[in-house]
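Undergrad: Construct all of the structure, not just a fragment, from the sequences and the given hints.
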Amino acid sequence: MLKPMKPQTGMPRNLFLWILVGLLVISGVVALVSALGGGESGEDEVNAVYTNAAATLAAQMEATLQSTPTATGAGTPTPTATFLPLPSPTLFTAPILPTNTAGAVSGAVGCNNSVWVADVTFPDNTVVTPGQAIAKTWRLQNTGSCPWTPTFKVTFLSGNAMGGVTTPIGITVAPGATGDITVNMTAPTTAGEAKGTWILTNDSGQNFGTWFTIVVKVGAAGTGTATATAGGASSTPTMTPSLTPETPTISIDTLTPSNTPEPTATPTP
Numbered sequence: 020m021l022k023p024m025k026p027q028t029g030m031p032r033n034l035f036l037w038i039l040v041g042l043l044v045i046s047g048v049v050a051l052v053s054a055l056g057g058g059e060s061g062e063d064e065v066n067a068v069y070t071n072a073a074a075t076l077a078a079q080m081e082a083t084l085q086s087t088p089t090a091t092g093a094g095t096p097t098p099t100a101t102f103l104p105l106p107s108p109t110l111f112t113a114p115i116l117p118t119n120t121a122g123a124v125s126g127a128v129g130c131n132n133s134v135w136v137a138d139v140t141f142p143d144n145t146v147v148t149p150g151q152a153i154a155k156t157w158r159l160q161n162t163g164s165c166p167w168t169p170t171f172k173v174t175f176l177s178g179n180a181m182g183g184v185t186t187p188i189g190i191t192v193a194p195g196a197t198g199d200i201t202v203n204m205t206a207p208t209t210a211g212e213a214k215g216t217w218i219l220t221n222d223s224g225q226n227f228g229t230w231f232t233i234v235v236k237v238g239a240a241g242t243g244t245a246t247a248t249a250g251g252a253s254s255t256p257t258m259t260p261s262l263t264p265e266t267p268t269i270s271i272d273t274l275t276p277s278n279t280p281e282p283t284a285t286p287t288p
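My numbering puts the sequence shown at residues 20 to 288.
Incorrect hints may appear among the rest.
Quick list of simulated restraints, FRET-style, between CB atoms [what the hints assert, rightly or not]: (1) A152 to K214: 28 to 34 Å; (2) T208 to T186: 20 to 26 Å; (3) F35 to A74: 14 to 20 Å; (4) A239 to D199: 28 to 34 Å; (5) T186 to P166: 15 to 21 Å; (6) S223 to A152: 17 to 23 Å; (7) P194 to A152: 30 to 36 Å; (8) A193 to S223: 18 to 24 Å; (9) G178 to G126: 35 to 41 Å; (10) G126 to N203: 23 to 29 Å; (11) S223 to T162: 37 to 43 Å; (12) I190 to G150: 26 to 32 Å; (13) N144 to P187: 16 to 22 Å; (14) D222 to N144: 31 to 37 Å.
Source of the hints: derived by calculation from the structure; they are not laboratory data. Backbone N, C-alpha and C fix where the C-beta goes; we use that ideal spot for every residue, glycine too.
TA: This is how it looks when you write it as structure tokens:
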């Protein structure tokens, strides 16, 4: 960046030196001419010398002034690029699928629609044993305007399929009617909660209606056998008999002697 030059407040130093040198030269020339000759011719020569010296000084002053740099204003600063911060990326969060809710808002596809009504077998949080066979049955209602055909399918959506596969519903369900739909599964072998989400699929391969779930609690082996009912899960515990020997109690009757004398026979005379 160019630095601004200080303005000249007085006579340039070089110009002053030239003027001083010129005066000294002129004085020397005048003195020399005076010493060598006199008269009018001497004065003419002196005047000529003065004229030449003045012309020389004027030329030198003009050259000096032209060579003197002119002060210029400060250079225009180059703008600095400003970098805007990039927006932070938005992380996608997978939606959490809720458990079954009767009459939940559904997703219609064309004339096909459905809602979950009830869990016929293995209601949510049923306790099962590791590896137990599960025939999960849901009761669904056809809320669309087209009937469901037997080739409609139950399709796994997310979670733990527990060995279940896409299964045809196998029944015809008219609009407004309900139908029980079953998928065969197997409980995990690891203790804990297992949850799977399923949905209906029409003959065009389009999922429709509300999703429905299965939620089971896998207990440790030998803790009980689950019985799946529509009202809830009941567990019949395995009873282990405990043999505790009983100590017999012996009751000894204490005989109290009687002081009443026994009757004696009276002889007849």
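Undergrad: Which of the stated hints cannot be reconciled with the structure, identified by number in ascending sequence?
TA: 1, 6, 9, 11, 13
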